[in-house]
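Undergrad: Letter by letter, the chains look like this.
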Amino acid sequence: ILNVEQSPQSLHVQEGDSTNFTCSFPSSNFYALHWYRWETAKSPEALFVMTLNGDEKKKGRISATLNTKEGYSYLYIKGSQPEDSATYLCARGSGNTGKLIFGQGTTLQVKP
Amino acid sequence: NAGVTQTPKFQVLKTGQSMTLQCAQDMNHEYMSWYRQDPGMGLRLIHYSVGAGITDQGEVPNGYNVSRSTTEDFPLRLLSAAPSQTSVYFCASSYRGMGYDEQFFGPGTRLTVL
Numbered sequence: 001i002l003n004v005e006q007s008p009q010s011l012h013v014q015e016g017d018s019t020n021f022t023c024s025f026p027s028s029n030f031y032a033l034h035w036y037r038w039e040t041a042k043s044p045e046a047l048f049v050m051t052l053n054g055d056e057k058k059k060g061r062i063s064a065t066l067n068t069k070e071g072y073s074y075l076y077i078k079g080s081q082p083e084d085s086a087t088y089l090c091a092r093g094s095g096n097t098g099k100l101i102f103g104q105g106t107t108l109q110v111k112p
Numbered sequence: 001n002a003g004v005t006q007t008p009k010f011q012v013l014k015t016g017q018s019m020t021l022q023c024a025q026d027m028n029h030e031y032m033s034w035y036r037q038d039p040g041m042g043l044r045l046i047h048y049s050v051g052a053g054i055t056d057q058g059e060v061p062n063g064y065n066v067s068r069s070t071t072e073d074f075p076l077r078l079l080s081a082a083p084s085q086t087s088v089y090f091c092a093s094s095y096r097g098m099g100y101d102e103q104f105f106g107p108g109t110r111l112t113v114l
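From first to last, the protein sequence lines are chains A and B. The first sequence lines up with residues 1 to 112 when you count with the working numbering. The second sequence lines up with residues 1 to 114 when you count with the working numbering.
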């Protein structure tokens, strides 16, 4: 994998459903993996920054895991609510350049 | 703290015109960066700075210049605007390198080039 890739591109779920997204990234020269939440007409806001293989982070109903050896991260939302509707971005940071490269995002729509 | 501020919020240019997008932060962050957001492409890094006087290119630097004379300010200059530069531009900052710490984003500038 050369770039940061996210799947699916979009997702429609019912209120109360649990859901998860995938972020795949180059595993070489890995430094950190970021997740951001981006609501329409607003700016992206950070959810998690993870650096260690096996890291698990949680914020309310949202959690994330990290596998740096195989180059993927999962974001989970338990019991989705309409206010969770947003685009979720992941980004990979490399230690030698300091650059942060984003995936194209997963857009989640939660129907009441 | 105002956080990261960007001006203007909206701008319409004609092809060939130049302009500067302003970005300022009051959090004493060393790292600042510019992204553009295009449909279906997430955020793409244009230029970034690791401190005053130091800048480097990102993924899509062509047609843009930056400078960092102070810690607080990181303006983005469009030298000769082209329709392909129609986009939403976000400035961001972080305390340490972009791989280390979460980034704080400004509200964005929506630019249309006719």
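Honestly, the hints are just simulated from the structure, not real lab data. All C-beta atoms in this analysis are idealised placements derived from N, C-alpha and C, irrespective of residue type, glycine included. Take the hints with a grain of salt, since some may be wrong.
Claimed, not checked - In silico lysine to aspartate or glutamate, DMTMM-like type, Cα no more than 20 Å apart, as pairs:
| id | chain 1 | residue 1 | chain 2 | residue 2 |
| --- | --- | --- | --- | --- |
| 1 | A | Lys59 | B | Asp101 |
| 2 | A | Lys58 | B | Asp101 |
| 3 | A | Lys42 | B | Glu30 |
Claimed, not checked - Taking beta-carbon pairs under 10 Å as the criterion, some of the chain B residues facing chain A (in silico):
| id | residue |
| --- | --- |
| 4 | Tyr35 |
| 5 | Tyr64 |
| 6 | Leu79 |
| 7 | Phe90 |
| 8 | Ala92 |
| 9 | Ser94 |
| 10 | Tyr100 |
| 11 | Asp101 |
Undergrad: For every hint, state whether the structure bears it out.
TA: Hints, one by one, checked against the model:
1. A:Lys59 x B:Asp101: Since the Cα atoms of Lys59 of chain A and Asp101 of chain B sit roughly 17 Å apart, the hinted pair holds (cutoff 20 Å).
2. A:Lys58 x B:Asp101: Holds, at roughly 17 Å.
3. A:Lys42 x B:Glu30: The given pair, whose Cα atoms are some 24 Å apart, is violated under the 20 Å limit.
4. Tyr35: OK, holds: Tyr35 of chain B within 10 Å of chain A, min 8 Å.
5. Tyr64: 16 Å, violated
6. Leu79: 23 Å, violated
7. Phe90: 7 Å, holds
8. Ala92: 8 Å, holds
9. Ser94: Hint on Ser94 of chain B: holds, closest Cβ of chain A at ~8 Å, below 10 Å.
10. Tyr100: 7 Å, holds
11. Asp101: 7 Å, holds
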